[in-house]
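Participant: As a plain string of letters, each chain reads:
2 protein chains.
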Amino acid sequence: MDIKTLADFCAKVGIAFPTAEIYGGFSGFYDWGPVGVEIKNNVKRVWWRTFVHQMDEIVGIDGSIVTHPDVWKASGHVEHFHDVVTRCKKCGRAYRADKLVLEVLGINVEGKPAEEIDTIIRKNNVRCPSCGGELGPVEYFNLMFETKVGPYGGVTSYLRPETAQLIFVNFPRVYLLARKRMPFGIAQMGKAYRNEISPRNFLFRLREFEQMEIEFFFDPKDDACPYYNEVKGKKVLGLTAEMQERGEKERPMRIADLVPEMPGREWMIFWIAKSVDFFVSVGVDPKRIRVREQLPDERAHYSMGTWDVEFRFDDLGWQEIEGIAHRGTYDLSRHQEFSGKSFEAVRPDGSKFIPMVIEPSWGVERTILAMLYSAYRKDEKRTYLRIHPQVAPYVVAVFPLVSKDGLPEIAREIYKEIRTEFRAFYDEKGNIGKRYRRQDEIGTPFCITVDYQTREDETVTIRDRDTMQQERVHKDEVVAWIREHVKNWRV
Amino acid sequence: MDIKTLADFCAKVGIAFPTAEIYGGFSGFYDWGPVGVEIKNNVKRVWWRTFVHQMDEIVGIDGSIVTHPDVWKASGHVEHFHDVVTRCKKCGRAYRADKLVLEVLGINVEGKPAEEIDTIIRKNNVRCPSCGGELGPVEYFNLMFETKVGPYGGVTSYLRPETAQLIFVNFPRVYLLARKRMPFGIAQMGKAYRNEISPRNFLFRLREFEQMEIEFFFDPKDDACPYYNEVKGKKVLGLTAEMQERGEKERPMRIADLVPEMPGREWMIFWIAKSVDFFVSVGVDPKRIRVREQLPDERAHYSMGTWDVEFRFDDLGWQEIEGIAHRGTYDLSRHQEFSGKSFEAVRPDGSKFIPMVIEPSWGVERTILAMLYSAYRKDEKRTYLRIHPQVAPYVVAVFPLVSKDGLPEIAREIYKEIRTEFRAFYDEKGNIGKRYRRQDEIGTPFCITVDYQTREDETVTIRDRDTMQQERVHKDEVVAWIREHVKNWRV
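If you read the protein sequences in the order shown, they are chains A and B. First residue of the first sequence: 1, per my numbering; consecutive thereafter. First residue of the second sequence: 1, per my numbering; consecutive thereafter.
This is chain A alone, in the form it adopts within the complex:
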C-alpha cells in the first residue's frame, strides 16, 4: 500500500480529491466527496462523544477561524511560526532550506537561524536539485495566512494556524462557566491553516486541515489523575528520547515508563493511553501505532515535553498522527501578560495559580489516513474497506435482488425502517454482484437483499462485508440483528 494508490482509490470512490480539479487543482487543498464527508463526520462525532460527552472534566467550544491579530502576537506565532526558505534564481522553485540541507548534505539544521543555514549552503555550494541553478538567500517565511479585515486597507489578521489559541484566550470565561473546576479541559474541533512551502502526500501535509484538540488544565501542586491506576499498566510500542539517542528502536513497554517525573506526569500518561484507545476504537491497526517522545530540539517553543502518536505507513514510515504536548504555563502566562487580564485559577484554600496544560492534538485527515491504511484490502476478487461500523459511511445497504415482481416495494419498506436508526443506502440498479462490490469498496459492513424467498417466508439475506457470508433473517428482526452486530463488532 502506498499513498498514491490510496489517493487514487479515494478519488475514485468519492472520499477525497483535489479541490477545483476542473481548474487544475490547488496544492494543499482538498474537497471531501459523498463517502468521505460521512466518514469525516463520523470520526468527529465519535471523538466528541468520547472526550466531551463521556468525560465529566471536559467541555467544548468552537472558536473563530479568522482571529484578532493580538492573539498571535501573544502566542508567539507572529515571531516564531516560520520556515526557512530559499528559491532557485534560475527556475524559481522554492525549497525549505533546512530540508534541502538535510537531504543534500545530511546535516540536521532544524531550528537554526537563517543566516547559519545560508552560510552552510554557500560553503558547500548546494544547488537547485531540480535545475542545478544557484539558490537565492535563505529567508524566513511565516506560515500563517494573512487577510485584511474591514474596508480601506483593513486590519491585518490571520487564519488560525492551530485551534489551541482560541481555547487559551477563552480560558478565563470558560473556567468561570465550568464553575472553577480544576482539573478541567476544553475541547475543540475545526479548521486550521498553514501556508506550507510544499504540501504533499495526499491528505498528510495540507495547507487547510482540521484539528481535534483538547487543552487539559491542571494545578501543578495537585496533579494526581484519578484514573491513573486504570492506565498505568497499559502497554504500547514506545520509544523514549533516550532510546533514540542510543539508536534503539521502539519496543513494547508500559506507557508509565515513557514519561519521566514532571508536573502532570499521571495526566500525561492518561492522555497517551486514551489517545491510543481512541485510534483503536475507530479502526486504526494497533500493530502500526507507536508512541515516541520528541527529542529536545524537535519541540515547539512552548513545549516542556511532547509525545507523538505515530502510525507506520508502508511507504512513508512512522509519521505523527497526534501530538501530545506539555505546554506548561506558557500560553496562559503570555495572554495574561499581553492582555493585562487575569488567567489565574483559584485553589480551595483561596490561593491563586496559573494552570499548566497538556494538549492532545489530533489531525482529522491523518486519523482518517491511518484508518484507511488499516482498512484497505485488495485481493483477486475485490477491493474492500474493513472499517468499523461506527465510522463507516453507511452501516447498511438494502437491495431488491431485481427491480420487479414487487421486490423493490418490500426492500424500500425495510430500508425506510432501518434508516430511522442507521445510516443506510438503497440501490436497485445493476446486477447484484456489482452492487455488493460497490458497497465493499466504501466499507458498508452489511448488505441486505430482498429476493423471491422473501415473498414466501419474509426472510432476507444479510451479507457480511468481511467474510462475504450470508445468513437469512426474518425481516422484522433485521433492525435488532444490526444493532447487536454493530455493538459487538471488533476489528
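The set of hints was computed from the structure by calculation and includes no laboratory data. Quick reminder that beta carbons are idealized off the backbone N, C-alpha and C, glycines included. All clues given are correct.
Derived DSBU-like pairs: lysine-lysine, alpha-carbon spacing no greater than 35 Å straight-line: (1) K287/A - K378/A; (2) K12/B - K99/B; (3) K191/A - K12/B; (4) K487/B - K475/A; (5) K235/B - K274/B; (6) K4/A - K235/A; (7) K416/A - K232/B; (8) K44/A - K148/B; (9) K89/B - K148/A; (10) K90/B - K73/A; (11) K341/B - K378/A; (12) K475/A - K475/B.
On the chain A side, residues computed to face chain B include the following (Cβ under 10 Å): (13) W48; (14) A94; (15) V155; (16) L166.
Distance windows between CB atoms, simulated: (17) K234/B - K234/A: 52 to 62 Å; (18) E421/B - T467/A: 27 to 37 Å; (19) G233/B - K404/A: 31 to 41 Å; (20) G111/B - V155/A: 25 to 35 Å; (21) T119/B - K89/A: 48 to 58 Å.
Chain A is fixed; fit chain B onto it per the hints.
Facilitator: Okay, now just chain B, sitting in the frame of chain A:
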C-alpha cells in the same frame, strides 16, 4: 425581547460571545461556548439527517474554504460581489453608500453604479452622520477576503463567500459518483466569509458565518416532483412580489400559490415546504415565519427567482433566515465556459443538457437566533429556554439532592447509564433550586434527582423544564421514560 438582551444572555450562559474579548473583541467574529457548541452541533446534525440521510436524492460533500481563484472569476464574485462604500474625510468612518442614501434621503439606490450614487450624494450634500464631515468618493469594495497562498508573494486566493460554488465545481465528479441520477442534490455545511462594512446585530450579520446549503439539480424538461401532492396544499404566511408592489402584507396562503409558472416550479414549492418544516422541527415558532418572494431588483445576478424564509424578530422585524434561490443554469454554464470541461447531464434517451438548480441556503447562526428568540422565556421566578430536546445542549441533568449519604453514588450510576444514550450533565454542587435554574437557563428538558426516598424504594424524581412538574419514576425505567418523552415532544 431584543437582540441586545439575547446577546447578553448568550454570553452569560456560554452560548456565544465576541471572539478574543480579552483583546477587545473583533467585529463580526464570534466564539461559541460550551452550551452553544452543543446547540450548533445538534442543529447541524438534525439538518444533515433530515436532508442527506433521510432523502434518497441527496448526497453530501465538504469543500475547501480557501479556494482556487478561478472559481470566483467564473462565478462572477470577483466582478460582482461588492458593496459601494464611502468614507468620511474628517473622522474616517466608512459607510455603505447605498444604505446611507436610503437612510438620509429615502432613495433606494440598491444595485446602482457607484458613479450614480456618488452624484446623488454630491447633489444632495449628504454629510457624515457621525461628525458632519465631507464624504469621500463612492467606491466599490469587494466583500471577499483575500489571502496569498504559497511563498514569495504567492497566489491571490479567496475565502469562499458562499459554500455553493464548491458544489458547482464538483458537479461533474459527484454526478458520476451518484451514477448520473437526475434529479439529484448535493448538500454541504461549513464556514463562509464576507468582509461586511458594518457587521451588527449579534450573530445576525457576521464576517465569519456558517451555511447549510443544498444545490438541487433537475432537468427543466422533466421537472415533476414526486412529493408534490404531499406539499401543494400546505399553508404558510406568504408574501408575493405582486403583493409587495400593491403594498399588501403577508397572509396565510397555500405555498403553491406563492410560486408562478417556471421550470422546476413543483420542486421550488417542495423546498419551501421542507424548509418551513425544518425550522419548526428545531423549535422555531411557526407564527413568526413567513415566506417572501424577493423583488426583481433585490435578486442576485444569478437568480431567476428567490423566496426568502423570514423570521419576525421583535426588534429587527422580518429578517431572512434562509434564501431559496432558483439559479437556473447560470453557475454550471459559467464553470463549463471557464474550465472548458463538460457540465452536462444525460437523459435516458442520450440527449444532453445543463441541469437547472434550486438552492435552499440556511444560515446556521440565523437559524439558532430564530430558535433562541422562539424559546426564550423570562418570568418573576426564572429564565428558561423552551427548546426542543433534539437540539438542547443536554437532554438530561442528574443530581443527588445532597452530596452525602450515598446519594451521589446512586446518582452517578444513573448518570452513567443515561449518558451512553443521551447528552447528559451531572451536578452535585450547590442547592437544588439553583441547580434547576441553571439547567432551565440552558434549556435542559429533564432533571433527575436522587433523594432519600431513592434509597428506600429506588424511585427518582423527573422534573419537566417547562411545567416544573415532578413525577417519581423507578430508576430502572428512567431511560425508557426519557426515550418516550423525547420522541413525543411537541413545542
